Structures are given as structure tokens and as C-alpha cells.
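> In case you want the letters, here they are:
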Amino acid sequence: MSEHLPKVAIVDYMLGNLFSVKQACAHVGLEAIITSDKKIIQDSDAVILPGVGAYGDAMAALCRLDLVSILCEIADSPKPLVGICLGVQLLMTESFEFGRHKGLGIIEGQVLRFDNPREGERILKVPQIGWNRIRPAVNTCWGNTLLRGVAEGEYMYFVHSYFVQPKDHGVILSVSRYGNIDFCSSIQRKNVFACQFHPERSGAAGIRLYQNLAAQLKTMISGTK
Amino acid sequence: MNIRIIPRLDIKGPNLVKGIHFEGLRVLGKPEYFARYYYENGADELIYMDAVASLYGRNSLLEIVSKTAREIFIPLTVGGGLRSVDDIRQVLRAGADKVSLNTAVIARPELIHEASRAFGSSTIVVSIEAIRKTDGTYEAYANYGRERTEVDVFEWAKQAVELGAGELMVTSINNEGAGKGFDLELTRRIAESVPVPVIAGGGAGKISDVCNVITQGKAEAVALASILHYNYIRHHRATGDDYSREGNIEFLKRGASFSKIQDAAISDIKKYLLANNIDCRSSFPSVQPVSSDLSRELANV
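Listed in order, the protein sequences are those of chains A and B.
Going by the numbering used here, 179 is the number at position 174 of the first sequence; the sequence numbering is gapless.
Going by the numbering used here, 299 is the number at position 93 of the second sequence; the sequence numbering is gapless.
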């Protein structure tokens, strides 16, 4: 048994509501701290980069809090880094949300807006708000990722107008479809996992991701002893 | 696109209540029981609406919200009596994911802008409660349908979205609780005039009404109360709780029956929608009870 609960730093850059992420962590036995303190982020066992709101504001806040370089360092370390919603978009090279914004550049790729999604005659609203299925991308396996045990075609909860388009399709873990538009709904590159949906709002299936994270961290911690 | 089915729980003090045209509120039971049941049976989100809000204080609502948020992992919208950015922050901290605003933003529309800047547009639902007048126009009402505003709902809907509302919830007070179907014209005109999703509420009396407000009313989501609550009560009579000090309980004592409403479970509704080629989250796996804390707490209510 480990002596302490795995510690997860939820990066707080003063945008959005992080409460549900913290609740989900607590639910699966993770000690979560909402913080923008570099030392705490560095000392944690895993880092969650959540986010709602505008891309430009979020990047400006990360710069102001001087968190850009530490997030890039963590992405290159063995420590799990989990991006959620705006968090997955921030990992990219650049976004075209209200102009052009530079992202963290951890994953090479762009952030694009849903362009007139349609379903038959009906023009779909942007943002997409609601449940949508996630399916494995070509040649990917969820077995060693946070999606382990999640059924193919499972529903997750989305709230977004933009989606990521990684340059290297090899990082795409799952795809989803909104009207006539296919988009990347989660990515994995080494220790970095990030998803466009909100696992903490996606019922039992979403909580499975947090359970997988907790199990992974517990194994890591007991392995270092 | 998957249509969302959203149980709406109107809350007065510690109790779930339901009225007709927002009046004559009857006690139906403890909201936590209903919320848990809906979560486990395919609800896509939940709405908690404080029916008396500013009149009686908000502490019991906050308690119910935080209890719910600890155990229920789908989006929770909370509304009723929220007047300021600080009020909104308080319910979000208690565990709500979104807030629903009506009275305060009619009085001061800039609050929509301030709140969406502070918490993100996707957190802000503007609730529009409309009364159809004899000349065919629609007026927005404030204070849970108690107060006229002289605001035209269609202009208001557009303005609310321009100011930063992430979704609109549109309720016909004429039809609310009456079980005669949604106001399809009201819903459709608003849904077609704004770029954000519209949640239709007020009027479902049978399953086909839900279908109609999606196909003809063009709603992206449907808020349901009576049709689901009466179904729950019919299957879960005799909770053993004593509501005798808590207002109008005649309805509960008689056992739920309200001739205008053909009650239905969420799964019945979703099956019907799927049969009519309307997509919705349907094959939800049975949710494992991950912790028994809530059931213990509920047992002590």
C-alpha cells in the first residue's frame, strides 16, 4: 500500500469551474489540489490541465502565471499530463479562435472551428453541447491509455465550438462525429493524454478515466519505493 | 446530434415541488432521490430550480446541490434567485456546472456579459419564461412567472445570446404543468433565430409531445418535470418520509395521478425518440453504485 494518496495538481488559470474535476478525483481516491503554484505542480504525481472559455484568454493567463515552460517540461517527463476540453486545444501549436493564437506547442497541430455542421436538412448549433460517441481511431488500441475498459462507441459529454487537428495522425486516440464533421476527440502521446469531452461530466463511463488514472498513479508510486 | 433529455427539479426548501403554470406547488418528495434515480436511468443532465429563491434564502438549495454534485457525474444546472456574479460563484462552488438566469438579467442584461466573461459562456443559461398574449405576441415574465416585464421574448432571446448566453431555456408559462404539449411556435421561432442550443420546457403531457418539440419546435434539448416525476412517484410510493409539516401534501397522500399527464420513464421516452429517428444517448450502461455514501445520507434525511 502506498503511504499517501496520489496527488494531482489541477492547473488553475483563473478561468472556468474546476470543482467537478476535483470532485471526480476525490471520488476515485486522488488528492486533488486546484493550484497555479509551480512548486505544487512540479511536486504532484500527475497534472490536469482543464479549461473552459476563450483560447486567447487562457494562453494569456498561462503566460502571466509563468506556467508555460513547466507544462512543456512535464509533457517531456514521465509524469502523466491530462488535458480536458480547452486543455487539449491548448496543447496544440496554434488556434484560430477569434484570430490566430499561439498554443503551448506540445503537440503539433491546429485548433479549428466547426464549419456549418449539418445533419440532413438540419443545421446544427455551434457549440456542440451534449453527448456524443467516441470510437477508436484507425490502428489505435485503448488498452494502455486512460480509455482502457471504455466501450467502443461509448457516449461522453462535450461542450465546444472548436476541435483539434493534430498533424501526426498517430497521436489520435478517438474520433467522434458531429453532423457531417469527423473530429478528433482524444489524443495520446507518451505520457500526455487529452480529450475534448468532459470525463467528469460523462457519468460512469467518464469516471472510468479517473479510475484508470488513479490505478496508474498508485502503480507508479508503489514502483518507486 | 444527440437530443438531451433533462429532468427539471423545482425545489422549495428541502422538497421537490411541482405546480401548474408555476402555481399551486405540491410537494412530491426529496429531490435527492429523484436526482439519483434519473442519473442512473439515462438523464443527460439535471436542472435544479429554486421555486422561491430570494424569498426564503438559499442555504437548503446549496446543501442539496453539493450533496448531488458529489455523487452525480452529469452536468447540473442551478437556477432561481441568482442576482449577481457572487451568487453565481456560490452555486458553482457548491458544485453546479451551469447556472440559469432570468429575473436578474431582465432587470440588468449586462449581468449576462459579466457572468459569461467570469465563468465562460458555456456556464450561462438564460431562462426565458414566456406568456403568449391574445394578440399572438409573447412577453417574458420574471420571478417564476409572477411578474410582467413588457419584454418581447424574441428580441430578448437574440440580445441574451449577443451578451454571452451559452444556451437558452425556453418555457411556456401557458403550457407549464398543464400537460397539453409544448408551445411549438415559441420554441421554433427562438431556436431558429439563435446560434446556441435551445432547451424547451413547459408542457409535456405525453411522450409524443417530446418528439414534436424536437422535430417541429427544433429544440436541441428538452426539460421535463411532471411527466417524469409522476412516473417516479408511481413506482416509488411510500418513501416513509414525513412531509406533513412541509406544505401542500394532499397530492402526495392521494398518490400521484393527474389526468392530463401520461407519465413516462426516461428510457420509454428515448426508445420512442429512437424509433422516430431522433438520436439520443440510449445504450447507457447500468451505473455501478460507486459509493454508498449518498444512500446512507439519504436514509438519514
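Hints listed in this document are in silico derivations from the structure and should not be mistaken for laboratory results.
Misleading hints may appear alongside valid ones.
Claimed, not checked - In the SDA-like style, the derived pairs of lysine to any residue whose C-alpha atoms are separated by at most 20 Å in a straight line are:
1. B/Lys273 <-> A/Gly34
2. B/Lys364 <-> A/Val131
3. B/Lys424 <-> A/Gly125
4. B/Lys273 <-> A/Val131
5. B/Lys273 <-> A/His32
6. B/Lys424 <-> A/Arg123
7. B/Lys424 <-> A/Asn185
8. B/Lys273 <-> A/Ile212
9. B/Lys424 <-> A/Gly34
10. B/Lys477 <-> A/Gly158
11. A/Lys44 <-> A/Asn185
12. B/Lys424 <-> A/Gly158
13. B/Lys477 <-> A/Asn137
Just so we're clear, the structure is a prediction, and the values are computed from it rather than from any experiment.
> State for each hint whether it applies.
Hints versus structure:
Distance hint between B/Lys273 and A/Gly34 is fulfilled; the C-alpha atoms sit about 18 Å from each other, no more than 20 Å. Only pairs whose Cα atoms come within 20 Å are accepted, and B/Lys364 paired with A/Val131 is accepted, the gap being roughly 15 Å. For the hint linking B/Lys424 to A/Gly125, the alpha-carbon distance of about 14 Å falls within 20 Å, and the restraint holds. A distance of roughly 32 Å separates the Cα atoms of B/Lys273 and A/Val131; the hinted pair therefore is violated under the 20 Å criterion.
With a C-alpha separation of about 13 Å, the suggested pair B/Lys273 and A/His32 falls inside the 20 Å cut-off, and the hint holds. With a CA separation close to 14 Å, the supplied pair B/Lys424 and A/Arg123 stays within the 20 Å bound. With a C-alpha separation of about 18 Å, the suggested pairing of B/Lys424 with A/Asn185 holds against the 20 Å cut-off. Between B/Lys273 and A/Ile212 the alpha-carbon distance is near 18 Å, which keeps this suggested pair within the 20 Å criterion.
Distance check on the hinted pair: B/Lys424 and A/Gly34 sit about 42 Å apart at the alpha-carbon level, beyond 20 Å; violated. About 18 Å separates the Cα atoms of B/Lys477 and A/Gly158, which keeps this hinted pair within 20 Å; it holds. For the given pair, A/Lys44 sits about 45 Å from A/Asn185 by alpha-carbon distance, which is inconsistent with the 20 Å threshold. Note on B/Lys424 and A/Gly158: the hinted pairing is violated, with a Cα-Cα distance of about 26 Å set against a maximum of 20 Å.
Under the criterion of a C-alpha separation no larger than 20 Å, the hint pairing B/Lys477 with A/Asn137 is consistent with the structure, at around 17 Å.
In terms of the numbered hints stated before, the structure departs from hints 4, 9, 11 and 12, listed from lowest to highest.
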